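Here's the letter readout for the chains.
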Amino acid sequence: MKSAVSSQEELLLKSLDAPVNADERERLATGMQENPALRKQSDQYYKIREMLKRKNADSFGPFFAERVLHVIKQRAGNIDYLVFFFFRKYQVVILGVLVALLLANLFLSDNITLKSIFGLEGETPEDIFSIDAYKDLTP
Amino acid sequence: MENSSDESLIVKSLAGDLNAFKTLVVRHEGKVAGIVRSLLGITPLAEDIGQEVFIRFYDELHKYREHSTVNTYLTKIALKLSVQELKKKAKTHSAYEITERVNGHEEQKGLNEQLQNEFSKLDPDVQSVVVLRLVEGFSVEETAELLEVNTSTVLTRLAKAQYNLRNALTIKLKL
Chain A
1 MKSAVSSQEE LLLKSLDAPV NADERERLAT GMQENPALRK QSDQYYKIRE
51 MLKRKNADSF GPFFAERVLH VIKQRAGNID YLVFFFFRKY QVVILGVLVA
101 LLLANLFLSD NITLKSIFGL EGETPEDIFS IDAYKDLTP
Chain B
1001 MENSSDESLI VKSLAGDLNA FKTLVVRHEG KVAGIVRSLL GITPLAEDIG
1051 QEVFIRFYDE LHKYREHSTV NTYLTKIALK LSVQELKKKA KTHSAYEITE
1101 RVNGHEEQKG LNEQLQNEFS KLDPDVQSVV VLRLVEGFSV EETAELLEVN
1151 TSTVLTRLAK AQYNLRNALT IKLKL
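Respectively, the protein sequence lines represent chains A and B.
Every letter in the first sequence is one number past the one before it in our numbering, and letter 12, counting from 1, is 12.
Every letter in the second sequence is one number past the one before it in our numbering, and letter 6, counting from 1, is 1006.
In case anyone wonders, no lab produced these hints; they're calculated from the structure.
Check before you lean on any hint, since a few could be wrong.
Stated by the list, open to error - Straight-line distance between alpha carbons at most 16 Å, and here's what the computed EDC-like set of lysine to aspartate or glutamate pairs gives:
id, chain 1, residue 1, chain 2, residue 2
1, A, LYS73, B, ASP1017
2, B, LYS1031, A, ASP58
3, A, LYS14, B, GLU1141
4, B, LYS1160, B, ASP1125
5, B, LYS1012, B, GLU1002
6, B, LYS1160, A, GLU10
7, A, LYS73, B, GLU1052
8, A, LYS53, B, GLU1113
9, A, LYS47, B, GLU1113
10, A, LYS47, B, ASP1017
Unchecked claim - To list a few chain A residues with every Cβ distance to chain B over 10 Å, as calculated:
id, residue
11, MET32
12, VAL99
13, THR124
14, SER130
Note that the coordinates shown come from a computational prediction; the quantities given were computed from them, not determined experimentally.
Note that CB positions come from ideal geometry on N, CA and C, so glycine has one too.
Put together the whole structure using the sequences plus the hints.
Right, dumping it as structure tokens:
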């Protein structure tokens, strides 16, 4: 750009967006009076700036906010599902371990009563209260 | 709800009130649309990016206090995401393809469309400056702050963009 742009045009461009000092203002005013090409360039720059200003859009169209909220809600739903799925996977594992323990207990004893499954076979209330931790509760 | 301040709407949104967040979206949609559509055109992609801006804002509501205003915060996200898209596009389309696309139907294009095409050929960083300063009307200082560059960089990019646009439009359409 530097090679092609004249110093007057450079000053003109600067004046469009930044303050110019007294000397620059005078040079620009003289240039505008004496140089019709610079006046034309000035008109063109203002026209381009006007056109760019009109590019401004004021919305994305109807129901944009609703669409944003829909995505947010949908995403929240997906997160809930992921949390549920994650815990469900572990629920199945825990349940599997419990069943395996109960089955092991069942096979280790030669009995299929509930007491044998829970490892309480042959235990009486006295046996339970004889455990140190329950001593104070002994009737 | 419409008269509430941005801050109180953010507090309500953080508490799970989606209507409060909707009011924020409606209030700031114009600013985001202006930036995103100026950079990406009126396309479905621009709307997707617009949605992404607000979704990111929603995800980061708790961080909002770090920023000066909602407007500034959204402007920064909108710019960042749009420029990312522009750079992605620039990688996939060669300059030749873009020029061919523009020249192919030149006669049918109006001045505005031609301006949009010439604008899209500018470097994404230069486009950002033009959008903030000339489309959205931010001051040179605000533009510099938003883009985290100094004011002389803003002025240089503005001059470069306007010079290139004027040259292209003068030759092709006798502006």
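Do the hints match the structure? See the list:
1. Between LYS73 (chain A) and ASP1017 (chain B) the alpha-carbon distance is near 12 Å, which keeps this suggested pair within the 16 Å criterion.
2. Pair hint LYS1031 (chain B) plus ASP58 (chain A) holds up; C-alpha atoms about 7 Å apart against a cutoff of 16 Å.
3. The straight-line distance between the Cα atoms of LYS14 (chain A) and GLU1141 (chain B) is roughly 14 Å, inside the 16 Å bound, and the hint therefore holds.
4. For a cut-off of 16 Å, the pair hint linking LYS1160 (chain B) to ASP1125 (chain B) stands: about 12 Å separates their Cα positions.
5. A threshold of 16 Å between alpha carbons decides the hint, and for LYS1012 (chain B) with GLU1002 (chain B) the separation of about 13 Å falls inside it, so the pair holds.
6. Between LYS1160 (chain B) and GLU10 (chain A) the CA atoms are separated by roughly 10 Å; this keeps the pair inside 16 Å, and the hint holds.
7. Distance check on the hinted pair: LYS73 (chain A) and GLU1052 (chain B) sit about 14 Å apart at the alpha-carbon level, within 16 Å; holds.
8. Between LYS53 (chain A) and GLU1113 (chain B) the CA atoms are separated by roughly 14 Å; this keeps the pair inside 16 Å, and the hint holds.
9. At most 16 Å may separate the alpha-carbon atoms for a hinted pair to count; LYS47 (chain A) and GLU1113 (chain B) meet this at roughly 15 Å.
10. With a C-alpha separation of about 46 Å, the suggested pairing of LYS47 (chain A) with ASP1017 (chain B) is violated against the 16 Å cut-off.
11. Interface exclusion of MET32 (chain A) from chain B stands, the closest Cβ pair being 16 Å apart, more than 10 Å.
12. Distance check for VAL99 (chain A) against chain B: the nearest CB is about 40 Å away, which clears 10 Å, and the non-interface claim stands.
13. With a least beta-carbon separation of about 55 Å from chain B, THR124 (chain A) lies farther than 10 Å from that chain, consistent with its non-interface assignment.
14. SER130 (chain A), annotated as away from the interface, keeps every beta carbon of chain B farther than 10 Å; the closest lies near 55 Å.
In this structure, the one hint that does not hold is number 10.
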